[in-house]
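Working from the sequences, and respecting the hints, build out all of it.
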Amino acid sequence: MIAPPKPELVTVNIDGREIAVPKGTNVIEAARLVGVDVPHYCYHPKLTVVGNCRMCLIEMGMPAVDPATKTPIIDPATGKQKINWIPRPQIGCGTNASPGLHIRTTSPLVKDCREGVMEFLLINHPLDCPICDQAGECKLQEQATGYGRGYSRFVEQKNVKPKRTLLGPRVMLDDERCVLCSRCIRFSKEIAHDDVLGFIDRGSHSTLTCYPGKKLENNYSLNTVDICPVGALTSTDFRFKMRVWFLKQTNSIDAESSVGANTVVWSREGAIYRITPRRNDDVNDTWMADTGRVLYKQVRADNRLAAVKVGGNDSGLDIAVNTAAELFKAGGVVVVGSGRSSVEEQFLTKKLAAALKASTHLVSRVGEGDKLLVSADRNPNVRGALVTGLIAALPAAGDVAAPSASAIRIGGLAALAADIDSGKVKTVVSIGEDLAEAGLTAAQLAKVAIVYLGTHANATSAAARVVFPTLTIFEKSGTFVNQQFRIQKFLKAVPGPTGLPDDLVVLAKLASAAGSSVPSEINALWKLIAAEIPALGTMTFANLPETGLLLDATPWSGLPFVEGETLHYKPAKAAQLVVGS
Amino acid sequence: MAVIPVSRKPLTFAERTYIPQILGGLRITFARMIKPAETMEYPEQRPEIPKNYRGVPTLVKDPNGREKCVSCQLCEFVCPPKAIRITPGEIAPDSPTAHVEKAPQAFDIDMLRCIYCGLCQEVCPEEAIFLQNQYSMTGLTRAEMVNHKDRLYELGGTLPDQHHKWDKKKAAEEHGSAAH
Ligand code: SF4
Ligand code: SF4
Ligand code: SF4
Ligand code: FES
Chain E
1 MIAPPKPELV TVNIDGREIA VPKGTNVIEA ARLVGVDVPH YCYHPKLTVV
51 GNCRMCLIEM GMPAVDPATK TPIIDPATGK QKINWIPRPQ IGCGTNASPG
101 LHIRTTSPLV KDCREGVMEF LLINHPLDCP ICDQAGECKL QEQATGYGRG
151 YSRFVEQKNV KPKRTLLGPR VMLDDERCVL CSRCIRFSKE IAHDDVLGFI
201 DRGSHSTLTC YPGKKLENNY SLNTVDICPV GALTSTDFRF KMRVWFLKQT
251 NSIDAESSVG ANTVVWSREG AIYRITPRRN DDVNDTWMAD TGRVLYKQVR
301 ADNRLAAVKV GGNDSGLDIA VNTAAELFKA GGVVVVGSGR SSVEEQFLTK
351 KLAAALKAST HLVSRVGEGD KLLVSADRNP NVRGALVTGL IAALPAAGDV
401 AAPSASAIRI GGLAALAADI DSGKVKTVVS IGEDLAEAGL TAAQLAKVAI
451 VYLGTHANAT SAAARVVFPT LTIFEKSGTF VNQQFRIQKF LKAVPGPTGL
501 PDDLVVLAKL ASAAGSSVPS EINALWKLIA AEIPALGTMT FANLPETGLL
551 LDATPWSGLP FVEGETLHYK PAKAAQLVVG S
Chain W
582 MAVIPVSRKP LTFAERTYIP QILGGLRITF ARMIKPAETM EYPEQRPEIP
632 KNYRGVPTLV KDPNGREKCV SCQLCEFVCP PKAIRITPGE IAPDSPTAHV
682 EKAPQAFDID MLRCIYCGLC QEVCPEEAIF LQNQYSMTGL TRAEMVNHKD
732 RLYELGGTLP DQHHKWDKKK AAEEHGSAAH
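Heads up: the protein sequence lines correspond to chains E and W, in order.
1 is the number of the first residue of the first sequence in this note's numbering; add one for each residue after it.
582 is the number of the first residue of the second sequence in this note's numbering; add one for each residue after it.
Everything labelled a hint here was simulated from the structure, so no lab data went into it.
Hints are supplied without guarantee of correctness; some may be wrong.
Taking lysine to aspartate or glutamate pairs in the DMTMM-like style, the calculated list, with each CA pair at most 25 angstroms apart, reads [as the list claims (entries may be wrong)]:
id : chain 1 : residue 1 : chain 2 : residue 2
1  : E       : K158      : W       : D742
2  : W       : K750      : E       : E156
3  : E       : K163      : W       : E755
4  : W       : K750      : E       : D175
5  : W       : K683      : E       : E142
6  : W       : K683      : E       : D237
7  : E       : K158      : W       : E708
8  : E       : K248      : W       : D691
9  : E       : K297      : E       : D175
10 : E       : K163      : W       : E682
11 : W       : K750      : E       : D201
12 : E       : K163      : W       : E671
13 : W       : K642      : E       : D128
14 : W       : K746      : E       : E142
15 : W       : K683      : E       : D175
16 : E       : K248      : W       : D689
17 : E       : K215      : W       : E671
Structure, rendered in structure tokens:
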């Protein structure tokens, strides 16, 4: 790899403190580096700068030089180079770091500016905080605390604007609360590439709206709700459900595809209320797809498996493990692993398969990539199966004909189907995969004994001899390896259904029933993983950084991965050929 | 510790007859019989509650019968013993108060937890919750000691305030400065 060129560093002075930043750094970001907060509404680090809210006004100056001789002018009072301050305030977001730039953010002028901007913003703002979903994470509330005057000098009647406009199926607009920062417009245009939003009318009657005949309904529409600095855009799913100050934040990973967008799961007392993106500049910037935000609904789905079952009747964990052990003794066992299991589970699956001398299969899930944050591979962790050695080659793509472009083709079990038909297989252990969905027929399922570990009831759990209910990604901790071979961790946000053991415990029990004893506690397990898998040799679960760790992908660089290009990911050449063919 | 012997004073003759003591006692008894009573026949009689007394927290309606609480959950947040539980909800779009948008679906105050601190009343931005003069709460089970929304409104009644904040808002929405 060619190292990126070292950025040229320039020294800027912010409130009297010098800091070296790459040339061209936005002043708001530079100030953040020295711990100075420049209040802002329209500026967003991942969008273009428009400078229309004026909240970020600062004082700016440059070192003085003699125009004729270009020599520095020294201030006799201080003995240092004189600073020529621009007499009027400048917007911070529209200023880039240049050598010797001086910034003042605490002067009386700057305070006056902020108070003035706040007063104008609040002139027509409704007194909605008690019924506003943004309350508690509202930038307007925050800045009003610092720079608001606490009472209004505006005696005229406030503006009236539409208060409950549906911009699309998932986004609701309250125009009175809008501060006209245009972040949502820029997001739709620049990131989602779905230019549907714009302002109409002038002055204080300016109103955000969709273009005639258009709707904000792309799969990234909820990002506009995240970046709206006020409560103008709200999510119809989260609307009026819970105040944000009650919610606990847990870092997680979006499991809908191999992009592995970083997320935060917001929960209160064991119930999840929403999922939002978490910034990771190497993976998803500050965005995520709408489809990934509703995945939490599976946690409380009606068809959730809640009890261990043997032969269709409720049973106990140990009885079920013993029943499975007996099936194992009869031989002819095949293990179907999953690209939706965590790295830890895949490692234990491999241990189980090795102890049983069973062959392993992986179910493939291939859909259409959207070139942004949903990739073609809808399994979040196929790379993990490669890294742990659960599989050596990629599973074959499903041959179930795609009825529509957005459908996901599930498959990869053709070899297993043939083996079942020829009678070689007696028992199939499925780790969270619905075998019927992956292409096995009911007759094939009936021909073998099935040990099923899964979260929800389906055809496989109905046909299974032994069923172990497992946890969703929100109820356990683990790691995924995304398409960039970046290993990232997700943490347990809510407790699982009462009485269910952790998935690692079930897998460890099965492995020990098969004759291989492995730890089931995640930190202890990682000691073993690090010892056995060279690619993960330096890691422990605890020291994995929040933004993940890039693994060396060279051992697998020749494999025909299905992903096309997405944000921060370019497929290798070999893969492109296969996708194109 | 040193022992101090205390000698007992011998009783006088009058004391030994008990008569002066009995008469003294009867004097107090008869004097009380003609003085106005200082106690009260509780629970048949109830004391007058001083203004600003902090009794059982209740929810109030405005003079038009609209429930004032908008389920902002600030009282739930501020309540030190976590006595309040609110399930927020959306007001149906065909309701006459649809412009208020939000109202509690459920509102429970556990009176076994409440410490009558009055912080909920102080924090409420809608003047919807008040500690009024109801001071005695009894029940035979824990569940009975939880006041649900209906009971809270029954206890609270109507607050005769004249803000009509939301009515003004609705009027503005209908006729206000929309012309441009
Ligand atoms: S946008 Fe912010 S300031 Fe405006 S009503 Fe909502 S919470 Fe309050
Ligand atoms: S009076 Fe105090 S303890 Fe009782 S409900 Fe209100 S805030 Fe809670
Ligand atoms: S603070 Fe007032 S408006 Fe808010 S939930 Fe409590 S009673 Fe309702
Ligand atoms: S953040 Fe600079 S003008 Fe809005």
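Straight-line alpha-carbon gap K750(W) to D175(E), limit 25 angstroms: Cα-Cα ~15 angstroms, so holds.
25 angstroms limit on alpha-carbon distance, applied to hinted pair K683(W) and D175(E): Measuring from Cα to Cα gives roughly 17 angstroms; hence the hint holds.
Pair hint K750(W) and D201(E), alpha-carbon separation not exceeding 25 angstroms: holds, 23 angstroms
Holds or violated: K683(W) to E142(E), with C-alpha atoms at most 25 angstroms apart: Roughly 23 angstroms separates the two Cα atoms, so the pair holds.
Restraint check for K158(E) with E708(W), where alpha carbons must lie at most 25 angstroms apart: Distance of about 23 angstroms is within 25 angstroms: holds.
Pair hint K297(E) and D175(E), alpha-carbon separation not exceeding 25 angstroms: Status violated; Cα separation ~30 angstroms.
Pair hint outcome, K163(E) versus E755(W) [Cα-Cα no greater than 25 angstroms]: holds, 12 angstroms
K248(E) paired with D689(W) [C-alpha distance capped at 25 angstroms]: Distance of about 22 angstroms is within 25 angstroms: holds.
Hinted pair K750(W) and E156(E), Cα distance within 25 angstroms: At roughly 14 angstroms apart (the allowed maximum being 25 angstroms), E156(E) and K750(W) satisfy the hint.
Pair hint outcome, K683(W) versus D237(E) [Cα-Cα no greater than 25 angstroms]: holds, 15 angstroms
Hinted pair K158(E) and D742(W), Cα distance within 25 angstroms: holds, 23 angstroms
Restraint status (C-alpha distance of K248(E) to D691(W) at most 25 angstroms): holds, 24 angstroms
Violated hint for the displayed structure: number 9, the only one.
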